[in-house]
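For the sequence shown, the positions run 2 to 123 when our numbering is used.
I should point out that these hints are in silico values taken from the structure, not numbers from a laboratory.
Where a beta carbon is used, it is the ideal one built from N, C-alpha and C, also for glycine.
It is possible that some hints are incorrect.
Computed Cβ-Cβ distance ranges for the label pairs, DEER-style [said to hold, decoys possible]: (1) T47 <-> Q73: 17 to 25 Å; (2) A27 <-> S68: 48 to 56 Å; (3) T30 <-> S50: 31 to 39 Å; (4) S106 <-> Q41: 24 to 32 Å; (5) N89 <-> P56: 42 to 50 Å; (6) N14 <-> S72: 34 to 42 Å; (7) L58 <-> Q20: 49 to 57 Å; (8) Q33 <-> D8: 36 to 44 Å.
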Amino acid sequence: MGNSFADAAAFRNAAVTGQVGVDPDAAQTVLQKIRLGKDQVESLLTGASGLGVAPKLGANPVGQAMSAKMSQRAAGGDENSYTQALRNLYTQYDQAEQAIVTAMSRYQEIDDASAEPFAGQA
Numbered sequence: 002m003g004n005s006f007a008d009a010a011a012f013r014n015a016a017v018t019g020q021v022g023v024d025p026d027a028a029q030t031v032l033q034k035i036r037l038g039k040d041q042v043e044s045l046l047t048g049a050s051g052l053g054v055a056p057k058l059g060a061n062p063v064g065q066a067m068s069a070k071m072s073q074r075a076a077g078g079d080e081n082s083y084t085q086a087l088r089n090l091y092t093q094y095d096q097a098e099q100a101i102v103t104a105m106s107r108y109q110e111i112d113d114a115s116a117e118p119f120a121g122q123a
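Generate coordinates for the entire structure from the input sequences, incorporating the hints supplied.
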C-alpha cells in the first residue's frame with residue numbers, strides 16, 4: 002500500500018500541471034463523498050478537545066504519570082495521538098478535494114487540446 006499523503010499530493014500536482022483531468026459530471030459523486038468525510042472528520046476534531054481531560058487513575062505517582070500520558074496522547078500531545086490522526090485524515094481529504102476540483106477544471110482544457118489536431122478534418 003502506498004503512502005496516502007504522497008498519493009494525494011501526486012494526484013493534486015498532476016491536476017495542477019494539467020496532466021490529468023476529470024469529467025466534472027462523473028466526479029460529482031466522488032467530490033460529495035470526499036466533502037462528507039471531510040465534514041465528519043472536522044466534527045470529530047471539534048469534539049476531540051474534551052479528550053485532554055486526564056483520567057483519574059489514583060493519587061500515587063504511577064497513576065498520575067499514566068493519567069498525564071493518556072491525556073497527552075489522546076489530546077494531540079504527540080504524533081501518535083487520536084487528534085493528530087484526525088488532523089492527518091483531514092489533510093488527506095482536503096488534498097483529495099483540491100485535486101478533484103482542479104482536475105475537473107482542467108478536463109475541458111485537456112479535451113480541447115486533444116481535439117485540436119483533428120480540427121478542420123472531415
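The hints, checked one at a time:
1. At roughly 20 Å, the beta-carbon separation of T47 and Q73 lies within the given 17 to 25 Å, and the hint holds.
2. A C-beta distance of roughly 51 Å is found between A27 and S68, which places it inside the suggested range of 48 to 56 Å.
3. The hinted range of 31 to 39 Å is satisfied by T30 and S50, whose Cβ atoms lie roughly 33 Å apart.
4. At about 26 Å, the beta-carbon gap between S106 and Q41 stays in the expected band of 24 to 32 Å.
5. In this structure the hint that N89 and P56 lie 42 to 50 Å apart at CB is violated, the actual value being about 24 Å.
6. Roughly 39 Å separates the CB atoms of N14 and S72, a value that falls within the hinted 34 to 42 Å.
7. A hinted range of 49 to 57 Å for the beta carbons of L58 and Q20 is consistent with their spacing of about 54 Å.
8. The beta-carbon spacing between Q33 and D8, approximately 21 Å, falls outside the hinted interval of 36 to 44 Å.
Going through the hint list in order, the structure does not satisfy hints 5 and 8.
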